[in-house]
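Starting from two chains that each stand alone, build the complex the way the hints lay out.
Same order as they appear, the protein sequences are chains A and B.
Everything in the first sequence is counted per numbering that gives the first Met the number 0, starting at 0 for the first residue and increasing by one.
Everything in the second sequence is counted per numbering that gives the first Met the number 0, starting at 0 for the first residue and increasing by one.
Don't read these hints as lab results, they were simulated from the structure.
The beta carbon of each residue, even a glycine, is placed where N, CA and C say it ideally should be.
Examples of chain A residues lying across from chain B (beta carbon under 8 Å, computed):
no., residue
1, 72
2, 88
3, 123
4, 134
5, 137
6, 139
7, 140
Listed next, the stretches of chain B that the computed footprint assigns to chain A, with coverage defined by at least 3 CB atoms under 8 Å from CB atoms of chain A:
no., region
8, 65-71
9, 78-85
10, 99-113
11, 135-143
Label-pair ranges, simulated between beta-carbon atoms:
no., chain 1, residue 1, chain 2, residue 2, range
12, A, 16, B, 159, 47 to 53 Å
13, B, 138, A, 168, 36 to 42 Å
14, B, 158, A, 102, 32 to 38 Å
15, B, 37, A, 65, 35 to 41 Å
16, B, 16, A, 195, 41 to 47 Å
17, B, 52, A, 153, 32 to 38 Å
18, B, 166, A, 170, 49 to 55 Å
19, A, 76, B, 22, 15 to 21 Å
20, A, 105, B, 6, 55 to 61 Å
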Amino acid sequence: MVSGANSAAHVVIVGIETPIGATLAGLYQSTGANVTGSSLDGDMETEAARLGEKPIDIVIFADAFNAPARNAVELERSDFEAGLSRLAFKPLWLANRLRSALSASDGPGKIVLVTRTAATMTEPDPAGSYLERPFRAAAHALWKSMSVEWQPLGIDCLVIAIDDATTVNADLLTTIADTSVSPEGCVLQDAAGKPLGW
Amino acid sequence: MLATARDRAACTALAELGAEPFILDITDDGSIAALAEKLAGVPLDAVLANAGISGDQAMPMEAVTWAEMHGVMDTNTLGAVLLVAALKPNLLSGERRLALGMSSLMSSISSNNWGTQYCYRASKTALNAMWRSLADEWCGDGITCALLRPGFVKTDMTSHSDRGLDVDVSVAGMVGVIEQLGIADTGRCIGYDGKDVPW
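Only chain B is shown next, with the shape it has when bound in the complex (with noise of 0.2 Å):
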């Protein structure tokens, strides 16, 4: 197991729960292509880019700035494919080859009957779209490229709320999802119950 944090501090919880750590932030190309330099030559089953921010959830639409949409997609968007596409190499050695993105609900275009959080949406809707792109693109080499929906999870982005899921409720649920994933199942986007998110 890899994981990646953006600073020592993290690295070091990360090694603590037996992961091996290594220095990421995907906003950084040049982060990027170190973490890919450094893992040349070592198959990977599976990539998760996990990596997400909320943004300014409560912008009004008429407040939203440049910099606000382009900084939530450099990570929630750009960063996530930019990050696949430097470690492509290591799936197409691996056995399983996942190409995942943390998508989520707000992604969901005929689910949102409420408006608010422009960017955020717009950047998971833009990633979805991203990933049916690599799906489409990636098939011929045999790599699945799948969403995960991982649900209102108690976290940090959450405020830790108390609507949220536990932690471990959402990431067994996934564990469970990416396990069962095949190639029949690119370009899908599943949530931590099993159910395909609609677009």
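Isolated chain A (complex conformation) (with noise of 0.2 Å):
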């Protein structure tokens, strides 16, 4: 099992230029863990094979998204393309890549998805009402896919909820550690793994 006391950990936090990113990376290296940042800026090719070249414990996606706020009439279809690729394509498709880094962990892998609580169906998100809360979503939906899918794999994919660094603390550390998805897959969780609705 990864978690923090294992100083053998190798851990990726992808968006670690952000305030989130950034507190998990210092938390992790307090830990003994060896953290390598990442970013989904650049070419994306490239970084998968900088990633993928040695096993991956935890894969922590913290990437940051701010949306300029629309109302629907507004809104142009380009406006669209930014969350849509940042928030849910770009994730995927990196995650996919280093699917076999993952699995090449002596513990089961976990590749966590950071979300905020304003992208669910429940909490209303003036700001990121159209250009980043169905976005946030349809990367829910497709971590779902991949938790039901890779759960056999040995790899664990989870999503939390992560509205503020300010609450990104050594418990979230030992939820990540401690979460293990059945095969129903992920729910969707806080940083302390209380479940909370889609």
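Structure follows, in structure tokens:
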């Protein structure tokens, strides 16, 4: 089992430059883990090849995305591209490229999608109503499918809602370490492991 | 009853059913704008964004491309919200003010315990989220934004599977749901059977 106490753990944090990513990196480094930073900004093929060179115990997608506020009648089709790419397509693509490296982990590999409670169906989010929320929700759907299909491969796919970097603490590392996905797939959790609604 | 299709042959078929047909491709912003212009000043009680594609249902997860995901989202999610937004003035001048999206059980994250059909699922989940946001924004305008689940129906999309519902059964169920809709239902996703679809 990969945990904060496992100093040999190799942890990849995508979006390490964000407040949540940086905080997670510091926490894992303080446990002695080997942390590799990553970003969705560059050439994805190159990044996937770099990250996939050695076994990975935990991958965390902690990327940030700030969508401009729009009313529905103000929307233009091109407005949607950035959120769809950044929040849904690129994480799915990179996750699939890292599957072999996760399977090579000594324990169950973990691949964590950090999301926001405001991206759920029950929490209104005026700021990201159309340009963020739908694509985070799409990513939730993709991660759920991945969690079902990868559970038999020994990879746990988790979705954890974190709204504020100040809530990122050792409890989150414990939640990531202790959560095992059932064959029915993952549930949306908060940082403490409490189940939330999709 | 106004109905749309992407080509003239389909419009002819719609006219034979008694609908007033219009050409519309919801992946084309110019086509949506042209429809809105033709319908300017026409009150509409309901707009149902029904167009949808399945994409490549057999595509493995690791093979999903940007073109595939974007293409499915473009029709199932983006086109739907852009269409109802373009026709908002018509809804505001209508009596019932119903903005309806065609969802699916495949949109339900909690019901998914078998994976597959990644882009289609994601597009319908995103549609649900779009409609939830529409419901929040348009509630003050008295517009009911609801999602419908047709069920697994014998259509081209399902290759007319024997396991599917007859179209008449699905449509009759959804019509029954639509007839009962009011502003208290805004933001719901309701099946042809009247049951809410879990998120």
